[in-house]
Amino acid sequence: MRKSLYAMLLLFALVLPLLAACGGGTAAQPTAAVAPPTAAVEAPTAMVEAPTAMVEAPTAAPEATAAPEATAMPEATAATSGTGTIKIGMVTDIAKLGDKGFNDSAWEGVQQAAKALGVEPKVIETTDPNDYQKNLDQFISEGYNVIVTVGFNLQEATVAAAKANPDIKFIGVDQAQTDVIPNLAGLIFNEDQAGYLAGVLAASVSKSGKIGAILGTDAVPAVWRFGEGYRAGAISIKPDISVQTVYHNDVGFDKTFSDPEWGKTTALSMIDQGVDVVFGAGGRTGNGALLAAADRKDKGVYAIGVDTDQYLTVPEAKAVLITSAVKIIPDGVAKLIQTVADGTFKGGNNFGTVGLAPFHDLDSQVPADLKTKLTDIQKQLLDGTLKTNVPAAKPGS
Amino acid sequence: MRHFPFGVSGVVMNAQGLLRPVRAALLPLLSILTALIVGGVIIWLAGPKLNGDWLGVKFVLDGYAGLFQGAFGSQKAIISTLVRATPYIFAGLAVALAFRCGLFNIGAEGQLALGALFAGGVGFSLHGLPPLIHLPLTLLAGMLGGFLWGMIPGILKARTGAHEVITTIMLNYIAAQLTGYLLNGPWKDPNPNNVTAQTPKIAEAAHLPLLLPGLHWGVILAFLAAIAVWFFLWKTTWGFEIRTVGANAAAARCAGINVSRNIVLAMGLSGMLAGLAGAVQVAGVNYRTILGFNAGYGFDSIAIALLGRNTPLGVVLSALLFGGLRNGATLMQFRTQISSDIISVIQALILIFIAAEQIIRWIYRVRVPSGLSEQVTLSKGWGKS
Numbered sequence: 001m002r003k004s005l006y007a008m009l010l011l012f013a014l015v016l017p018l019l020a021a022c023g024g025g026t027a028a029q030p031t032a033a034v035a036p037p038t039a040a041v042e043a044p045t046a047m048v049e050a051p052t053a054m055v056e057a058p059t060a061a062p063e064a065t066a067a068p069e070a071t072a073m074p075e076a077t078a079a080t081s082g083t084g085t086i087k088i089g090m091v092t093d094i095a096k097l098g099d100k101g102f103n104d105s106a107w108e109g110v111q112q113a114a115k116a117l118g119v120e121p122k123v124i125e126t127t128d129p130n131d132y133q134k135n136l137d138q139f140i141s142e143g144y145n146v147i148v149t150v151g152f153n154l155q156e157a158t159v160a161a162a163k164a165n166p167d168i169k170f171i172g173v174d175q176a177q178t179d180v181i182p183n184l185a186g187l188i189f190n191e192d193q194a195g196y197l198a199g200v201l202a203a204s205v206s207k208s209g210k211i212g213a214i215l216g217t218d219a220v221p222a223v224w225r226f227g228e229g230y231r232a233g234a235i236s237i238k239p240d241i242s243v244q245t246v247y248h249n250d251v252g253f254d255k256t257f258s259d260p261e262w263g264k265t266t267a268l269s270m271i272d273q274g275v276d277v278v279f280g281a282g283g284r285t286g287n288g289a290l291l292a293a294a295d296r297k298d299k300g301v302y303a304i305g306v307d308t309d310q311y312l313t314v315p316e317a318k319a320v321l322i323t324s325a326v327k328i329i330p331d332g333v334a335k336l337i338q339t340v341a342d343g344t345f346k347g348g349n350n351f352g353t354v355g356l357a358p359f360h361d362l363d364s365q366v367p368a369d370l371k372t373k374l375t376d377i378q379k380q381l382l383d384g385t386l387k388t389n390v391p392a393a394k395p396g397s
Numbered sequence: 398m399r400h401f402p403f404g405v406s407g408v409v410m411n412a413q414g415l416l417r418p419v420r421a422a423l424l425p426l427l428s429i430l431t432a433l434i435v436g437g438v439i440i441w442l443a444g445p446k447l448n449g450d451w452l453g454v455k456f457v458l459d460g461y462a463g464l465f466q467g468a469f470g471s472q473k474a475i476i477s478t479l480v481r482a483t484p485y486i487f488a489g490l491a492v493a494l495a496f497r498c499g500l501f502n503i504g505a506e507g508q509l510a511l512g513a514l515f516a517g518g519v520g521f522s523l524h525g526l527p528p529l530i531h532l533p534l535t536l537l538a539g540m541l542g543g544f545l546w547g548m549i550p551g552i553l554k555a556r557t558g559a560h561e562v563i564t565t566i567m568l569n570y571i572a573a574q575l576t577g578y579l580l581n582g583p584w585k586d587p588n589p590n591n592v593t594a595q596t597p598k599i600a601e602a603a604h605l606p607l608l609l610p611g612l613h614w615g616v617i618l619a620f621l622a623a624i625a626v627w628f629f630l631w632k633t634t635w636g637f638e639i640r641t642v643g644a645n646a647a648a649a650r651c652a653g654i655n656v657s658r659n660i661v662l663a664m665g666l667s668g669m670l671a672g673l674a675g676a677v678q679v680a681g682v683n684y685r686t687i688l689g690f691n692a693g694y695g696f697d698s699i700a701i702a703l704l705g706r707n708t709p710l711g712v713v714l715s716a717l718l719f720g721g722l723r724n725g726a727t728l729m730q731f732r733t734q735i736s737s738d739i740i741s742v743i744q745a746l747i748l749i750f751i752a753a754e755q756i757i758r759w760i761y762r763v764r765v766p767s768g769l770s771e772q773v774t775l776s777k778g779w780g781k782s
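Residue numbers (our numbering), protein chains in the order written: chain G, 1 to 397; chain Y, 398 to 782.
Okay, chain Y solo, but in the shape it has when bound (with noise of 0.2 Å):
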């Protein structure tokens, strides 16, 4: 993810990208080796000691075992694990893309909520419509509140320089505040027996098929807007100019391109695949927008893009693998009965594996900086760009 000297072509770029890919795809495996290594030794120290397991070390193998086998292990968990890392693809190419205009999108949390609130609102206020409209205005009415959320901090960092870090965050907690207003209040499903915080079911139109029993179309869907990232990005030309943005905001100006439209599309667009990631989970999971079931599947979503390298493949391969942790955690905490927690640690060790390989990088590689500030870009990220 060390960004390309822009400025000539796209075809030079390519050429010089060639031993790129081998650092960017072995080194986040060796982060998540070395993560499983050390999630092992936590797992060991909380693990009971016992005669006959040699040193507690079957207890390790055998919580792993429960882990990979209840994300990838049989036909049941390899849906359950790809229904959840849909809306982690969805939220990642959003975060993803973000990053490629040089934008740090910490929003996708509130895009997502703004997603599920709008499909939500469309799909159970509106009755009657054949499922071939009304499926996919709920799934559009999901992408127009990521849109617009996301277009927000787009036009405020555009307009202003305010930093999309701070403004994204801030929309953050008035999407959650407005999510919970709307559902304890006007869209409160009102059948007297309901206590929480949701929205009347949405209508039987509004509901995306399924494709297996217990998989929805949604992962298709996901996989699509992996290939039309990738194909946006890469392939057309408001995608090179969101490109060249991201890689030197200085240079593209002086080529002529326009900076502020660029941010504003980026965000608007990032938002929008967060908001069909919040869409995605009310009409094919949940039924219904209600308070806090997708709660941290935003913030998921950035470390999601930073394991998958901010590419569109590698941003569904690390989604599969968050996937499959949090799914298989159910049945490695069945097996050993140790806290779901240290599930959350393996994760969170991945990350700062994947940090410290930066860090690693940096120490060995003495032309790096120049790359890295152009990757992330937080430091110039202040001010009009």
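Next comes chain G alone, as it looks inside the complex (with noise of 0.2 Å):
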């Protein structure tokens, strides 16, 4: 008895298959249905690309290779006229889209190069880290020649996929290439020119002549590099002036950049000390102390937010955020899919650009003379001839 009717559980096992085969015939059709309602919200143009999606979304006959081997050039011209051979793919890390920061940016990024191709992107967000190869091979599988992943966690499933995939060409978001491979190219961004920017701005809208930093672990080379380059950026100003960076080293890793209580905290009692400017550098973490400087706003401190626009993202600062440190995500996205069009694609670290994000509402606490400060010393970070002077990670770490 007990046996039949676990036979039944194995038959409903069983038929998952079936349905699934079922499901797939009438599949086919759907898919491609479905692909334009994404289009028809982002831009009503996009919806004029329907047929397109068509051709490419079922996903049985085009797993042969025929389609994908074709190498860069003759895709180029293909999809610049429209046919969209280029088949962009994301794999996110696991804060998914929604986290407000790398995810979201590289994925407008690539919705942005995607619409001036005429083609749709699809996008798997990684729910579990273990899955991070597997992702990767559902788009590699279904002829995807674009795929950017996003974030230094999947720096080495991405190289590894690169190397067994020649022909696919492969952009990591915020991973560093030791090596160069030909396919794969690495968008990486100079935090400490960010951070030195923010270091100038704090030094010279500071009273108190002391200013602080709460950053995520140093032993992220970017995080190090965000710290020191403010540092480095205020004593420019103000040689004498006082730079707290407090880095959230005593946790774990999965903790350091999402421990907004610390963040809120720690920047409390610096705030309490003098310190008149905060920089929160460190996802959650830094975003915490910008609440911190909230919570103090009779006291006329400033923040400083960090990576995107935070002005946007973390609206309960916005009476005190003078500015963002910002990694201009979207935009090299954009532009490295657009070099796979153009077939002047290059493998090896490209830098993005980095600079502040506006104002907004504290535009007439700084000074005109001071704006056009910050925008020579950043075409001056920009072109080489100002360096900061901070080394690429911690020595000794």
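Please note that the accuracy of each hint is not assured.
What the hints assert, rightly or not - With a straight-line Cα cutoff of 27 Å, these simulated DSSO-like cross-link-like pairs (lysine-lysine) come out:
#1 Y:Lys632 <-> G:Lys163
#2 Y:Lys632 <-> G:Lys96
#3 G:Lys255 <-> Y:Lys585
#4 G:Lys297 <-> G:Lys238
#5 G:Lys394 <-> Y:Lys598
#6 G:Lys255 <-> Y:Lys598
#7 G:Lys210 <-> G:Lys96
#8 G:Lys207 <-> G:Lys96
#9 G:Lys299 <-> G:Lys210
#10 Y:Lys585 <-> G:Lys394
#11 Y:Lys585 <-> Y:Lys598
#12 G:Lys210 <-> Y:Lys585
#13 G:Lys210 <-> G:Lys387
#14 G:Lys318 <-> G:Lys255
#15 G:Lys163 <-> Y:Lys598
#16 Y:Lys473 <-> G:Lys96
Just so you know, the hints here were simulated from the structure itself, not pulled from any lab data.
With the hints as a guide, bring the two chains together.
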């Protein structure tokens, strides 16, 4: 009796693939039908592309390597003429879309580029870090030829996939390349330059002569560069300024960027010691520092955000957020994808642009001559005439 | 999973259990089907309503087709599902075994972490051993780590009466922090390019060999473990004692069974299975211990044990279902581009309907309450039992 019932359970398990097979038959067309709606939401013009989606969506047939084997050059012309042989996929890290950070920014860039090329990109959100490889394989097996992976956690999987699939172009956001692989471009940023600009601004607007920064772990070179760039920028304005940088090194890697309580408490104690500009750089930990500054608004404290324009992502801090030290990820991603279409794609490290976000509500508090100075410094940093002299990573780490 | 009026013999128990499996097997099936229907409504709400797609129904079917094909639709998909299900089977068995002793082991997460830590430590720190020694040593280390971590709440419960739910939750935190400390500190991969909290790679000799491309031997070990747990619980005296303690600790004590010893043993064995889940991930999938890589598996295993009615076969089936759902999420999202969180919603729905099923049974079958309190024993878990 018991056996027969387990047999039923087993039967159910066996029926699943059958259901799937039935579904598969009907699925081929619906997929195409499904593709346009996103387009419809984003941009009415993309509606035109529906037939294109129709061609690329059904999964079974193109799995054979026929189409995707073609290399960059012919695709480029094809894509610009609108037949859509460039297929762009993106794999997020486990923060997924909606992180208001790397993943969202990269996806914005992918969508920009895809729109310019007249194709429909697809995204797979990683929910389990054991799936990086699998999610990449999904795009590879479906004949995608431009695959964007977001975050340094995906570096190992991306490098392996790039080596195994030399005909596919990979773009690794925030992945510094140690060896040049011709079909893998790492999009990285000179965080020290962004931090430097933030430091110049902070030192210029500080009245107390004490500024601070709340950061994630300095074991991540990008975080270290933000912090030390900030210090260098501040000292370049006022050599005697007090710059307190606190890295959240006392916790695990899973926590160091997601500890807003610690960020807030630490920032509050800094502010209570007279610090009047707080730079928060470290995911949600850094966001805690921005909230702390918002709490002490009446003391005339300023906050500086990081990575993206945090005026938009941390609205609670709008009133005190003077700017954000931003990595312009969308443009960087979009440009790299465009190079695939143009046939000028190059492997190795690509530096994206860094800068400061708009001053928004506090625009009136930034004197015109300071704005000019910031623009000049940014120009000098980008063209290399001004160096931050911050090493690439914390010495000895 | 309503339990047996114990005290006579196992044979009588089996005879009385004739009708039980009907409910035991059909109700989870109904739960799953109901969940898929309600999940379909949610997918429908999340999806676009198109011209030519009759009220968006195609979209829902398309989503499910992707889910099922991604989980079971090809050899590659099935292999991937099996790999995903492997830690679920071990950890699900762990929770089920503790349940059989009347213990609610929330600590599979921490025991799994300790298993991964021990296995990783043995895997990367020893070199030059032949695979025949290194691999078993790695897995045994994982089992030992889990066993010790599971035994702590067992001893605390047996000696002091501290509730295992509280102590295992706290030990989860300790395990997480310990892992974070080791992987960010002394055990961190010293490769200068490494920024991730992870150990160095384990030696080749510690790798679980592949059965098929992409499928390591761990899945066979998991099936063997399920058989072993079944044999242990239902065919050995120790297993009988554990189940007796779980059914009625007071009666067990009267019958001369050492309740304390059984609690410690059951928690230790439970931890050992969870530790093996971690060790198999290290030796078969990641080839190193990485911070956060197996987060959540221990908690999922509680649901898996419950869905599987705390029987080994049930755990294997529900682990395959969970593994399939997780695995199919990728293709489902690829096809439909809806958020992968939907899959988590569907999983949660399955559990809600299982819970609802118990409520329904409780409403319609007045005599069940005594059985209910036997099966989970949450309410009687305080104090020395």
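Hints, one by one, checked against the model:
no., hint, verdict
1, Y:Lys632 <-> G:Lys163, "52 Å, violated"
2, Y:Lys632 <-> G:Lys96, "47 Å, violated"
3, G:Lys255 <-> Y:Lys585, "16 Å, holds"
4, G:Lys297 <-> G:Lys238, "24 Å, holds"
5, G:Lys394 <-> Y:Lys598, "24 Å, holds"
6, G:Lys255 <-> Y:Lys598, "23 Å, holds"
7, G:Lys210 <-> G:Lys96, "37 Å, violated"
8, G:Lys207 <-> G:Lys96, "40 Å, violated"
9, G:Lys299 <-> G:Lys210, "14 Å, holds"
10, Y:Lys585 <-> G:Lys394, "16 Å, holds"
11, Y:Lys585 <-> Y:Lys598, "10 Å, holds"
12, G:Lys210 <-> Y:Lys585, "36 Å, violated"
13, G:Lys210 <-> G:Lys387, "24 Å, holds"
14, G:Lys318 <-> G:Lys255, "25 Å, holds"
15, G:Lys163 <-> Y:Lys598, "20 Å, holds"
16, Y:Lys473 <-> G:Lys96, "25 Å, holds"
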